[in-house]
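*Asks:* Each chain is listed here by its residues.
Number of protein chains: 2
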Amino acid sequence: MSALDPIRTDPDKYKVIFENERVRVLDYRDTPGAKTQAHQHPNSVLLMLSDFQRRLTIGDDVREVTVTAGQALWSPAQVHVGENIGTADSHVIFVELKD
Amino acid sequence: MSALDPIRTDPDKYKVIFENERVRVLDYRDTPGAKTQAHQHPNSVLLMLSDFQRRLTIGDDVREVTVTAGQALWSPAQVHVGENIGTADSHVIFVELKD
Numbered sequence: 002m003s004a005l006d007p008i009r010t011d012p013d014k015y016k017v018i019f020e021n022e023r024v025r026v027l028d029y030r031d032t033p034g035a036k037t038q039a040h041q042h043p044n045s046v047l048l049m050l051s052d053f054q055r056r057l058t059i060g061d062d063v064r065e066v067t068v069t070a071g072q073a074l075w076s077p078a079q080v081h082v083g084e085n086i087g088t089a090d091s092h093v094i095f096v097e098l099k100d
Numbered sequence: 002m003s004a005l006d007p008i009r010t011d012p013d014k015y016k017v018i019f020e021n022e023r024v025r026v027l028d029y030r031d032t033p034g035a036k037t038q039a040h041q042h043p044n045s046v047l048l049m050l051s052d053f054q055r056r057l058t059i060g061d062d063v064r065e066v067t068v069t070a071g072q073a074l075w076s077p078a079q080v081h082v083g084e085n086i087g088t089a090d091s092h093v094i095f096v097e098l099k100d
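For the protein sequence lines, the chains are A and B, in the order given. Residue numbering for the first sequence is 2 to 100, as defined by the working numbering. Residue numbering for the second sequence is 2 to 100, as defined by the working numbering.
No lab work stands behind these hints, which were simulated from the structure alone. Hints are supplied without guarantee of correctness; some may be wrong.
Residues on chain A that point at chain B, a partial pick, calculated with CB under 8 Å [to be verified]:
#1 18
#2 19
#3 23
#4 24
#5 26
#6 44
#7 48
#8 49
#9 57
#10 73
#11 94
#12 98
We put the beta carbon where it would ideally sit given N, CA and C, even for glycine.
Here chain A stands alone, though its shape is the one from the complex (with noise of 0.2 Å):
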């Protein structure tokens, strides 16, 4: 396991909730103002389960997004720190593909 897997370096946010040879399945909770240590996420669907608002810090990229719950999305790999910037808790699935 690498030493950026959220796993590790977040595991009172991150819980694996279902793996095998092809995908590794994430729980994501946080509450307003929690942020993460940076860590790498391969590959991933996202799937949004509530609204929420976070700041996204890639490198020296920062980017600020909304989401709503029901949404699916992309994210390619990266390393990155995320910060729940609004007053909602958040909950999102994490699949990671093995590449």
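Given the structure of chain A, go ahead and fit chain B onto it with the hints provided.
*Replies:* Here is chain B on its own, set in the frame of chain A:
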């Protein structure tokens, strides 16, 4: 698109909510008593968003399954018929892998 694509066989139940070259994400909903046409899924991750009971008919094999909201599971490529045999609506996200 295959004639057995669930978007073609059961467009009242399956909606595409995301697609790229690696994955297609489907939102599935039905109500008690609903039954699909025979349709085909590739290797997929299923994420259950409600508690429900289901009968799956895969060729001569008939299985009854009970699932819980929050469960994630792997569904290998298959052709099947699904039927909601419980008293609750079904809501499932399919993350289909384009192998």
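*Asks:* Hints numbered earlier in the text: which of these fail when held up against the supplied structure?
*Replies:* Violated hints (numbers, rising): 8, 9; every other hint is consistent with the structure.
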